[in-house]
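Chemist: Assemble the complex: chain W is given as a structure, and chain H must be docked to it using the hints.
Same order as they appear, the protein sequences are chains W and H. For what it's worth, our numbering labels the leading residue of the first sequence as 1466, then goes sequentially. For what it's worth, our numbering labels the leading residue of the second sequence as 104, then goes sequentially.
Treat the hints with caution; some may be incorrect.
Claimed, not checked - When the alpha-carbon atoms are kept at most 27 Å apart in a straight line, the in silico BS3-like pairs for lysine-lysine are as follows:
1) H:173 - W:1877
2) H:110 - W:1877
3) W:1787 - H:200
Stated by the list, open to error - Here chain H is said to cover these stretches of chain W; the calculated rule only asks that three of the stretch's residues, wherever they fall, bring their Cβ under 8 Å from a Cβ of chain H:
4) 1614 to 1625
5) 1784 to 1792
Just so you know, these hints were derived from the structure itself, not from any lab. In this text, a Cβ means the ideal position worked out from N, Cα and C, and glycines have one as well.
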Amino acid sequence: MSKIKQKSLLIKNGHVVNPATGTDEVCDLLILDGKVEKIGKNLTADKVTVLDAKGKVVAPGFIDMHVHLREPGFEYKENIKSGSEAAYKGGITSVCCMPNTQPAIDNAMVVKYIQSIAAEVSPIRIFPIGAITIEQKGEHLSEIGSLNEAGVVAISDDGYPVKNSELMRRAMEYAKMFDLLVIDHCEDPDLAHHGHGVMNEGKTSTILGLKGIPKESETIMVARDIELARLTQSRLHIAHLSTAQSVALVRAAKKEGLPVSCEVAPHHFALTDEALSEFDANYKMNPPLRQQEDIEAILKGLKDGTIDCIATDHAPHAEYEKNVEIAYAPFGVVGLETSVSLGLDQLVHKKVISLSQWVDKMSTQPARLLNLKDLGSLEPGKAGDVTIVDLEKEVVIDENQFASKSKNTPFKGWKLKGAPVATIVAGNVVYQSEDAKEKVSKK
Amino acid sequence: MSLKWTKKDLLSLQDLSKEEIELILETAQSFKEVSTRAIKKVPALRGKTVVNLFFEPSTRTRNSFEVAEKRLSADMMNVAIQQSSVKKGESLIDTAKNVEALKVDIVVVRHSASGSPNLLARNLKASVINAGDGSHEHPTQGLLDLYTILEKKGKIKGLNVVIVGDVAHSRVARSNIWGLTKLGANVTIVGPQTLIPSQVEELGVSISNNLEEAIEKADVIEMLRLQKERQEDNLFPTIREYGMLFGLTQEKLNKAKPDVLVMHPGPINRGIEMTSEVADGKNSVILEQVTNGIAVRMAVLYLVSGAQVLENDEQKSAVK
Chain W
1466 MSKIKQKSLL IKNGHVVNPA TGTDEVCDLL ILDGKVEKIG KNLTADKVTV
1516 LDAKGKVVAP GFIDMHVHLR EPGFEYKENI KSGSEAAYKG GITSVCCMPN
1566 TQPAIDNAMV VKYIQSIAAE VSPIRIFPIG AITIEQKGEH LSEIGSLNEA
1616 GVVAISDDGY PVKNSELMRR AMEYAKMFDL LVIDHCEDPD LAHHGHGVMN
1666 EGKTSTILGL KGIPKESETI MVARDIELAR LTQSRLHIAH LSTAQSVALV
1716 RAAKKEGLPV SCEVAPHHFA LTDEALSEFD ANYKMNPPLR QQEDIEAILK
1766 GLKDGTIDCI ATDHAPHAEY EKNVEIAYAP FGVVGLETSV SLGLDQLVHK
1816 KVISLSQWVD KMSTQPARLL NLKDLGSLEP GKAGDVTIVD LEKEVVIDEN
1866 QFASKSKNTP FKGWKLKGAP VATIVAGNVV YQSEDAKEKV SKK
Chain H
104 MSLKWTKKDL LSLQDLSKEE IELILETAQS FKEVSTRAIK KVPALRGKTV
154 VNLFFEPSTR TRNSFEVAEK RLSADMMNVA IQQSSVKKGE SLIDTAKNVE
204 ALKVDIVVVR HSASGSPNLL ARNLKASVIN AGDGSHEHPT QGLLDLYTIL
254 EKKGKIKGLN VVIVGDVAHS RVARSNIWGL TKLGANVTIV GPQTLIPSQV
304 EELGVSISNN LEEAIEKADV IEMLRLQKER QEDNLFPTIR EYGMLFGLTQ
354 EKLNKAKPDV LVMHPGPINR GIEMTSEVAD GKNSVILEQV TNGIAVRMAV
404 LYLVSGAQVL ENDEQKSAVK
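Just chain H, same shape as in the assembly:
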């Protein structure tokens, strides 16, 4: 590996070059093996302190980071904060600076407001890893999706990937769009026009409002979770109609390639975005995504902490 990781933070996949993404995926590959050992632990982050700062409820992502941190031997701490109390009381910056005063090395942040990790990264010395911010990005989810596709298909370049659902509000979709297009996949986003974000075609993706047509040539179908409250905003008439038009059934899937991958970032609304038959079927790699999430997050934590060491070394040599 000739490329050296130099970024203090991981805020988005938009920020990363193709080579940086590939470096993370390669690093993840070597960490994946750790989870298959009898003793699932390496000392890579021994003596480092990581805080998982979660302003939004999350089990899946937080558990995955927690396992990744423990398998790297980091000292870790979960801080879950009710968003409502933050809005009324302490500001995000104050909360984060208080956490930093505990001398932590890495802050993993989940927040419902887009750009919160960027705000923290500007204000903190610690490394910031974005664990999902509003409708902006979810870079580690994007990376684990790339990793899963690469593992199953052996390549990403040239694949036809279809992303289905509420793209307008999806951070997973944005990270996937950046990652996939940077690595050369052909991306089509599918959903009702009301959930297709403005000028998204300028990101180099195609748009379709017809799921059956769009999946015909797909190598990968990534289904997004539908937030049921979108119905109240009149973005679609009913959940029933949404499921009818954009839910993935076995019948629709039968028209796709036999080896098409079906992915979902979880948690699944069974019966809305996909039927149980599809979720649990032979094309589904949903649980493998979860497993790969650990390796990818270990890689990110490791690389980011390494960049910190580099930075500190430079500071030291500058002092000398």
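Okay, chain W solo, but in the shape it has when bound:
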């Protein structure tokens, strides 16, 4: 039996921001039996739980389309239960989980397995992403049709690029039959030293004597994939883009009308490679932290719509795996529990993008790209998935408070303005911050 319960809820006096309809005003939101019933002023309903959202922002539930839940195979880092908890504590109502599990999500059975575990343990929505190739080895196509039928929302070999251009072409052509999004981790493995590169190649890698990953290892693959999108006219999504040149390539592709989209992770708009100066592996991820000029281009790309959405690339690792010589540490940082605060603090409060643009990138756009037609908007008839945030709430990132099994955040101790205060899935309040709890009244 699914833990997602269809419930009714009346959210009063919140500042409703719904980019899909252009709604951006203080009003009420009524959810009946898990679906949005109505948005309007002075709504009332009988026998419905009421949540007072006065002074808070009410947005369509946030979707993180790039998460590593690690189950099956690496449950010591994270599992579906702990990952879900991290998500809803972070204001995320839907999570797309990447296929680099053990076994990989390269067949319908693993998809069904994840769905059944999720139904048992998770009160939020979990959407598996299927592997493009068997075991993500880049050799043979997975049964993409069966994966689609089982319910994957996209395909990707994330963690690895599909190096073989012919195979990537065929995957894109094949996926097009199902209108599945093809997500690529863009990296030229030779330029990136086959996983032995540690950080961005530049002044800081030179100072630290760490093997550098040049920006071109990403942009060469972005350029190739865009060419393949032109050839196949299939929908291509560039995962975790990190460089100024990648932003420029995607911008040009979009201008040309090619079906290309992309995401950025919060660490790539909030940190530069100088953060690695103490050799702390909590700043090691792939693609690596880049330079100030890249952040500036990413901020521009967020502003002008080149970058469609924000996704965390939540990649949990055990403390003992990260507290080693940085060259030996695995890539990746956790992100589910810091994404909302980083977006509000670094993007909205700093006026890089408007609140509505930010909500669009956290919810509406990922829903559109993944064909999640019930999600991403608060129009009547859509799912009653809601994220409520407090723009003014100040938080200090404390990894010991994380619900995630792993604590590998690069944002330890950061003071941020803005935080999630309630997470609602199908009208069901799955999470409320302590200070927001007294706001619920049962009728």
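Modeler: Chain H alone, transformed into the frame defined by chain W:
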């Protein structure tokens, strides 16, 4: 000496101020005399325990630290660990914490992974001295090079120093770049473009791909050791061609200033980075570098242990 040494660890020359570097060099000067005595020993570190934790083979640096520790009367212990077994078995932190549980005061560490000493310093109470980490830094080598130049030239400020070879992978080059630029030398790095690290000019050095041009005005030429396996990574076509373009011969050296110093951190690949004629010639100060290494390492051990005493005293007075 008005400046007091306060650092628990010596991890890099990047971390040090000009004054701190000068303090080490001055301290080294007073320790150099100890090695000329009939009884080569002072009690400065009596009762202190130093562990030389070497995860990478080294004879030269380890011997130098060992002699320095003994001449300071420290109790010392060598721990050599095969890196392969570390990667498979115990983590660096666990190894180091086990060593620390023996109540050692100073850990001297050599490791092939950049930043390992930083990782240890964050996790240990004992002082950590970096004896070379990956391609990051080799601060005591940098200091002994500075000491040798200062001894021979009487100054560092304004000198033209040329560093030749595989700068991209050289920890010696990085420590020298920091030390030399902080003390006001003009540094030029020379090598094939494939061995010049990215954006290195932002560290305040000039770049040249032409050895003969670069050494014309040099006061000091520091040659780096070439790791032969770089050829397999296609960083240059052959050792022969490397030697032809970037090896120092007497013929090339004749075009430099007559009093130019030729240095090398050792061990030398004779016939590759320099000919024997140059290595053993009148401009070479390579063996003096080795001798000065002892004095510099004595100074570092002494200062670091003093900072520990300071820290302990502060803790004690805080308790009172």
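Chemist: Would you pick out the hints that fail for this structure and give their numbers low to high?
Modeler: 1, 4
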